[in-house]
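*Asks:* Listed in order, the protein sequences are those of chains V and R.
Count the first sequence with the working numbering and you get residues 538 to 863, in order.
Count the second sequence with the working numbering and you get residues 538 to 863, in order.
Just so you know, not all the hints are guaranteed correct.
Each pair may be met inside one copy or between any two copies, as identical chains are not told apart.
[As the list claims (entries may be wrong)] Straight-line C-alpha distance at most 27 Å; calculated DSSO-like pairs for lysine-lysine:
1) Lys795 / Lys637
2) Lys806 / Lys774
3) Lys638 / Lys539
4) Lys638 / Lys701
5) Lys701 / Lys562
6) Lys810 / Lys791
7) Lys562 / Lys810
Quick caveat, the hints were computed from the structure, so don't treat them as lab data.
There are 2 protein chains.
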Amino acid sequence: MKIFEQTVEEYRAEINRRLSGLLTKQQPESMYDAGRYVLEAGGKRVRPLLTLFACEAVGGNREDALPAALAVEILHNFTLVHDDIMDASDSRRGRATVHKKWNDNVAILVGDALVAVAYHALLESKNNRQEEITRLFTDGLLEVCEGQTFDMEFEQNDDVTVDKYLLMIEKKTGALLKMSAAIGGVIGNADDAQLEALRQFGTYLGLAFQIQDDLLDVEADAAKIGKPMHNDIKTGKRTYLLLYAYEQAKENQKDVLKKVFDRSVRSKKDIKKVLQVYESTKAAEAARDAVAHYTAKAEECLAKLTELDGGQNLQFFARMLLGRDY
Amino acid sequence: MKIFEQTVEEYRAEINRRLSGLLTKQQPESMYDAGRYVLEAGGKRVRPLLTLFACEAVGGNREDALPAALAVEILHNFTLVHDDIMDASDSRRGRATVHKKWNDNVAILVGDALVAVAYHALLESKNNRQEEITRLFTDGLLEVCEGQTFDMEFEQNDDVTVDKYLLMIEKKTGALLKMSAAIGGVIGNADDAQLEALRQFGTYLGLAFQIQDDLLDVEADAAKIGKPMHNDIKTGKRTYLLLYAYEQAKENQKDVLKKVFDRSVRSKKDIKKVLQVYESTKAAEAARDAVAHYTAKAEECLAKLTELDGGQNLQFFARMLLGRDY
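Starting from the given sequences, assemble the full structure and let the hints guide the process.
*Replies:* Shown next as structure tokens:
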């Protein structure tokens, strides 16, 4: 695991170096200043790492996958910039968001431009399956938009179920991980079976990752995840725990949840009430089970990959991601 | 010209029919409802027509260019949806804009999704120069974002010159016309010289078209262009006429323009004052000369195209577009 972590550090440094050197234009100023601000913000670089490891997992050369790895990270950053406008989020990774530091218009335009920058990066891939790659990338772009739209619709909808929630996060979080893994696979010249295994691996990893993110809101200490605890409850976010609890709750508990989440702001007392319903419906346990379920599914997919060395790195990667101890 | 107009009607009907059948998904509802609303709004379909005629102009088959023609039109519609948010425009083509009928978030997401829908359409092109097409398309996407950013920056900037304005409209209007012509050319298997002629043709056409649009604000009757006269002055838009007038104006006239355009709203009296400065600086004549100049440049490019039949249709097309009598 030690060697693997060094590999991750090395790959991530390479990704960061290339992202930093990508936007060299000066004009229009607000666009390129904001674009550099976004791409140089750091972050875990989960998606490009997945592309690189997926390429290696099917026997490909990591170098060949680097342009596409940058492309998936840039596309991810486009989603963050636009999501932050929609969620009215003021900070990300400890810094002001683009729409806060500049304004909504700049954020809309920088997001749009990043889509183009991402496609440009993707076109730098050297391989003979470019059309397939462009298609996977475009599928991912459309799916992530659908996922965010579902997420927005859910905020105005009392009728959200765990099943609908799973469809939403499969698109919002799963789609880009699926795409990142699949594109890495294609560049490594994966056959159909390998490609399908990689796609599923990415999807399950995304589901596990997102539900774990929901779970951390009631479990982790603030320092570890970089955001205050119970923030999802405070901000009224629909999470796996909330929807599971609502489905399992007795009528009087449902009323409590409804009342609390219908408010525009939630107090400490409200949070306590919600946590009591989570406790009595065993929502955290259910979320933990779901994470374990999707993690196991993801690992099953890996077993199908033939190249053992690479497959092993993907397994390390999944564990690192879900352990979040880095 | 009669036969040509029938051809245009036929091509446009085909484009509209295909656009109407494109989005069949139902969920997420707000995204696909709004997406259909946008694509079925009609409009002149200038860009896809240009793609089809450019393809034919180099001896290609129009059928081969249809998917790409849809793609350029969808991309254009993406820009309209996002621009309408930024400009806070409430209506377009006589109907409520997406952000007005739904909300800003839906408009951001539908715009984003339309980019993906456009790339999907582009990928349906059957030809052996797909990578080149994707690159041209992506160049166009980035340029149009840059153009809109310049336009936004200009609104907060007293330092805009005619030259800067020309760069802005070259990107904001010219880039998509250049791209539409070039992609049609590539699909028709244009050689380098033909392709360069088509690119330049599209660019010059875009410049002529935009400056004429500015000119129409002080000349046309409202019925003809579908918007009230002097609307650009009323809304404080930076146009060719304004920037030319400002450059040519005497100090006291500059003060008048500055004062009037610094206001948040402009009265009928203000409009009259601006028109007086336009009159005395001969701004309309200058705009008319610029339209003629870029139109002539565009026609020079056409002379370079070898296939006479197709080249002729492009010439008709340019005249129709700039005559706007259809």
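*Asks:* Taking the hints in turn, state whether each one holds.
*Replies:* Now the hints, each set against the structure:
1. In this homomeric assembly, Lys795 and Lys637 never come within 27 Å of each other (Cα to Cα): the closest approach is 31 Å inside a single copy and 29 Å across copies.
2. For a Cα distance limit of 27 Å, the shortest separation of Lys806 from Lys774 inside one copy, 17 Å, qualifies, whereas the shortest one across copies, 52 Å, does not.
3. Proximity of Lys638 to Lys539 under the C-alpha cut-off of 27 Å is found in neither arrangement, the shortest distances being 39 Å within a copy and 55 Å between copies.
4. Taking identical chains as interchangeable, the C-alpha atoms of Lys638 and Lys701 lie at most 27 Å apart only when they sit on different chains, with a minimum of 26 Å there against 34 Å within one chain.
5. When the C-alpha separation of Lys701 and Lys562 is checked against a cutoff of 27 Å, the pair qualifies only between copies, where the shortest distance is 17 Å, while the shortest distance within a copy is 43 Å.
6. Taking the shortest Cα distances, Lys810 and Lys791 sit within 27 Å of each other inside one copy (11 Å), while across copies they are farther apart (65 Å).
7. In the homo-oligomer, the alpha carbons of Lys562 and Lys810 never lie at most 27 Å apart, since the shortest distance is 52 Å inside one protomer and 40 Å across protomers.
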